[in-house]
Amino acid sequence: MASPRTLSRSLRLSIENAVASSRTRGVVVPLGFCYRHSAQAGGTRAATPRFASTVKRKVASPPGSSSSSSSSSSSSSSSMAALDKVLTPDFLKSVRDFWYEHLPGDDDLVVPGQTAHKRWYAGGAEFDKACVVQFEPALEAIRASGLDGTGLLGVARPAEPCDWLSLVLLLDQMPRNCYRGPASRVVFDVFDPLALAVARAAVAAGVPHEAPEIRWQLAFRAWFYLPFEHAEDAAMQDECRRQYEGLARDVETLLQEEEEEEEQQGDDADGYRRRAWQVVRGNPEAARALARTQLEFAKRHEDIIKRFGRYPHRNGPLGRESTAEERAFLDGGGDTFQSN
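Residues 3 to 342 in the working numbering are what the sequence shown lists, from first letter to last.
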């Protein structure tokens with residue numbers, strides 16, 4: 003069995019490359035597994051090697067304006083310096099602690115029940131307020147920085163799989179609780195592209211399907227695919243569906259295995275796969291229902307994008323004029339997914 007603090011060499015290199023791609027030179031970042039309530043998941047960034055600050059803002063300065071360019075560069079550097087103080091390992095851990103604090107035990111990380119999902123998807127005004135108090139300042143700092151996804155990864159430097167999870171939650175879920183109604187435009191215009199960039203980098207690095215603590219804990223893994231689902235892009239919808247199909251296959255694989263087969267797995271770092279096997283086999287109906295529901299929602303999102311090329315329920319906040327077909331769809335009770 004692998005050491006509980008050891009990542010596979012390929013996953014380690016993939017994560018390092020994903021972070022280093024936002025810089026002009028790469029430095030090996032210490033990697034480790036995340037533990038939900040472990041002090042090792044917090045700490046400071048002092049032990050993590052620094053990269054040269056070379057990330058530039060997406061917005062270019064007007065041609066031929068050196069003073070404007072200098073001012074923009076200074077502003078960008080200032081924003082990045084401020085953001086660097088926000089996106090610390092301790093802060094990223096606080097995102098996870100907040101998001102999962104209502105779960106009664108580790109088994110619920112494998113197959114979260116209805117209570118867990120009710121807080122996440124129907125937490126109401128109280129949950130929104132808690133998100134605003136704890137995370138809106140960080141979101142506003144990210145927004146003010148003007149960084150794209152690559153630049154943001156360069157500042158955050160996720161050093162372990164659960165740091166990637168925290169970034170996805172921060173960029174994809176927290177804005178949906180912090181910016182409601184007309185203010186939701188910033189969710190779609192600013193944070194969704196950032197969340198998608200981070201999720202794509204994480205998937206490309208193998209984080210959701212190669213890191214055992216993500217792959218075999220569905221309460222972690224499923225969030226990596228929602229940025230694809232939220233994208234108004236057919237290719238991203240296809241990717242989302244395929245990822246949830248992979249999740250469903252993993253559930254079925256666990257259900258089909260005998261204990262002897264499960265024990266022969268050699269990549270079960272810290273017993274994540276074994277515990278998933280035990281939890282899923284203990285309640286196969288709940289595990290299958292969770293995988294099925296997530297895949298069904300992915301398909302419902304994909305169907306809308308295939309039909310309209312966008313989400314009609316976003317037209318209002320985004321200032322888009324609805325077509326007659328879109329109005330008929332919405333008036334007829336078409337999916338709005340709580341206007342996400």
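Everything labelled a hint here was simulated from the structure, so no lab data went into it. Nothing here was measured: the structure is a model prediction, and the numbers come from that model. C-beta atoms are modelled at their ideal positions from N, C-alpha and C, and glycine is treated no differently. Fair warning: there could be bad hints in the mix.
What the hints assert, rightly or not - Simulated crosslink set (BS3-like; lysine-lysine; CA at most 25 Å straight-line):
| # | residue 1 | residue 2 |
| --- | --- | --- |
| 1 | Lys87 | Lys131 |
| 2 | Lys131 | Lys120 |
| 3 | Lys308 | Lys120 |
To be verified - Label-pair ranges, simulated between beta-carbon atoms:
| # | residue 1 | residue 2 | range |
| --- | --- | --- | --- |
| 4 | Val135 | Asp235 | 31 to 39 Å |
| 5 | Thr255 | Gly321 | 44 to 52 Å |
| 6 | Phe339 | Gly115 | 15 to 23 Å |
| 7 | His211 | Tyr123 | 32 to 40 Å |
Here is what the structure says about each hint:
| no. | hint | in the structure |
| --- | --- | --- |
| 1 | Lys87 / Lys131 | holds (23 Å) |
| 2 | Lys131 / Lys120 | holds (16 Å) |
| 3 | Lys308 / Lys120 | violated (29 Å) |
| 4 | Val135 / Asp235: 31 to 39 Å | holds (33 Å) |
| 5 | Thr255 / Gly321: 44 to 52 Å | holds (46 Å) |
| 6 | Phe339 / Gly115: 15 to 23 Å | holds (21 Å) |
| 7 | His211 / Tyr123: 32 to 40 Å | violated (24 Å) |
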